[in-house]
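Trainee: The lines below spell out each chain.
2 protein chains.
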Amino acid sequence: MSPIRACALIALLALTSGSSAETTSDWRSVDPQNLVLIDTKYGQVAVELAPEFAPNHAARLRALIRAHFYDGLSFYRVIDGFVAQGGIGEGTASTTDHPVAAKDLAMWPPLKAEFDRISKPQPAFTPLGNADPMASDVGFEDGFPVARNGDEGREWLIHCPGTFAFARDNRPDTATTEFYIVIGEAPRRLDRALSAFGRVLSGMQYLQKLERGDVAIDNGVIADSSKRDPIIRMRIAADIPVQDRRAYRVIRTDSEAFADAVELRRHPTSPFYFRKPPPVLDICSVPVDVKRFAP
Amino acid sequence: MSPIRACALIALLALTSGSSAETTSDWRSVDPQNLVLIDTKYGQVAVELAPEFAPNHAARLRALIRAHFYDGLSFYRVIDGFVAQGGIGEGTASTTDHPVAAKDLAMWPPLKAEFDRISKPQPAFTPLGNADPMASDVGFEDGFPVARNGDEGREWLIHCPGTFAFARDNRPDTATTEFYIVIGEAPRRLDRALSAFGRVLSGMQYLQKLERGDVAIDNGVIADSSKRDPIIRMRIAADIPVQDRRAYRVIRTDSEAFADAVELRRHPTSPFYFRKPPPVLDICSVPVDVKRFAP
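Sequences listed follow chains E and X, in order.
For what it's worth, this note's numbering labels the leading residue of the first sequence as 382, then goes sequentially.
For what it's worth, this note's numbering labels the leading residue of the second sequence as 382, then goes sequentially.
Looking at chain E on its own, in the form it has when it is part of the complex (with noise of 0.2 Å):
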């Protein structure tokens, strides 16, 4: 290996991975109640929700996944660089082909909207450390990221790339069972205008292997359904066997080692950042790290 190059993989590392110190503490177990995993047909996708943002959505997804509605649905809508929706696409080709779609939707009505929440108070909430374009506070809770405009006593998830949310029409009260995960450039404009409660811990390389639409045709609606790519099922972690299920571990956003991560991503040591960068994080671009262990 060619010392040169070497050396460029070794100051790249930087860009992606925290800090050395970690301990055992610094990691969380996902609660897997907490934990659902899309099987797609590229592998499987890990979404851990963090329910008490969204408490009615978070239910009403646990319910819809354990009557297996999503099992054999599809990401009907999926944009590059936006969002892969999934689930039975009222008002899409896909509805009519579905056999169970017309009787099921009756059972499940229009949610009320939890676009937001009381804050939380910290320590629950570590903030960045920067100004965020978009929220008087920035910040992390067990691994979420979570905005806030100070003086409201209100926060919510924020729209990063691997955010699950569920989605709505034009008015607010009206999800009912379809979701969406972000897979492009955070789109901020939909924080806290969306039911939002949940982020992929693993397999986002799977998300951007689905069928993409064109979002100049319907919306980005992919018409012919044979091309979707199907949602082979959606299951509860803890639906599954102990001995068959992963756990996952995530990094405690209220830990040293994490501030530690933080801090090196904020004020790079490798001399590859000769000149360094202005002192300024995206919320959306801080990895919080996930450990995933086979069962």
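Just so you know, not all the hints are guaranteed correct.
No copy labels: a pair is met if it fits in one copy or bridges any two.
Each computed DSSO-like pair below joins lysine-lysine, with the alpha-carbon atoms no more than 30 Å apart [said to hold, decoys possible]: (1) 608 to 422; (2) 672 to 590; (3) 422 to 590; (4) 590 to 608; (5) 493 to 657; (6) 672 to 608; (7) 501 to 657; (8) 672 to 501.
Hints listed in this document are in silico derivations from the structure and should not be mistaken for laboratory results.
Chain X: place on chain E using the hints.
Mentor: Frame of chain E, contents of chain X only:
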């Protein structure tokens, strides 16, 4: 189609679509000398070069392409949410796989860095119209996202999803043959630290399908070269017979049509936004529309 869902589709269209008042003069034809076509097994990626931001790198890239240097090489370092890096993979397992590697590398000595250039006066530069976290001014030139620090008189291409640049080692003047394309949340801390001189006009969804490396293992380099997705070939559009080549047009970012689209994005009128988002745009989330015409 359910009227409720139909509404939602219309509402969300405003997220990604431009003004409907565009005219032919609002569009610029892409110079085929600046149009790089990368054939992957998933589809063709089209990159427009902005050679004036890094003239020696652009000349090098054209020379490499015309020497068929990249044809049959691979995307050997692909990190989800960050970059897809292609080329010979000097210092990686692929170097010895490629028969011409050893003899050819001496032909491509390290280039002097071209991280920024003297700022162009307005109206070439169209300001975005709001503050940016990383630079004193950001805006567009010929469709490319550009940042400046006002008092220095220098400007550079911003690292947005789709930005094309040459990789380097720790020292500034070390780029030779390897390129990368941003495939994740804008890595703005790379701004002005690498020679960036192009952006993807179409085919981002094909880059998103590329086989990923594991960032925790050799910084995302895919050790098993048989798993790397190949660069089937790279061409300059000007080298393709006119009757066989697609024409591309890009919206003029100094046009009224573009200004209208930015304004609509900043102040969305769709009823979907019953609560208006903060009137602040991330420059990397502003679409610069592209039209593609069959040969």
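Trainee: Each hint: holds or not?
Mentor: Hint by hint, here is what the structure shows:
no., hint, verdict
1, 608 to 422, "both (13 Å within a copy, 18 Å between copies)"
2, 672 to 590, "both (22 Å within a copy, 23 Å between copies)"
3, 422 to 590, "both (10 Å within a copy, 13 Å between copies)"
4, 590 to 608, "both (13 Å within a copy, 16 Å between copies)"
5, 493 to 657, "between (47 Å within a copy, 19 Å between copies)"
6, 672 to 608, "between (33 Å within a copy, 23 Å between copies)"
7, 501 to 657, "between (34 Å within a copy, 24 Å between copies)"
8, 672 to 501, "within (26 Å within a copy, 47 Å between copies)"
When each numbered hint is compared with the structure, no violation occurs for any of them.
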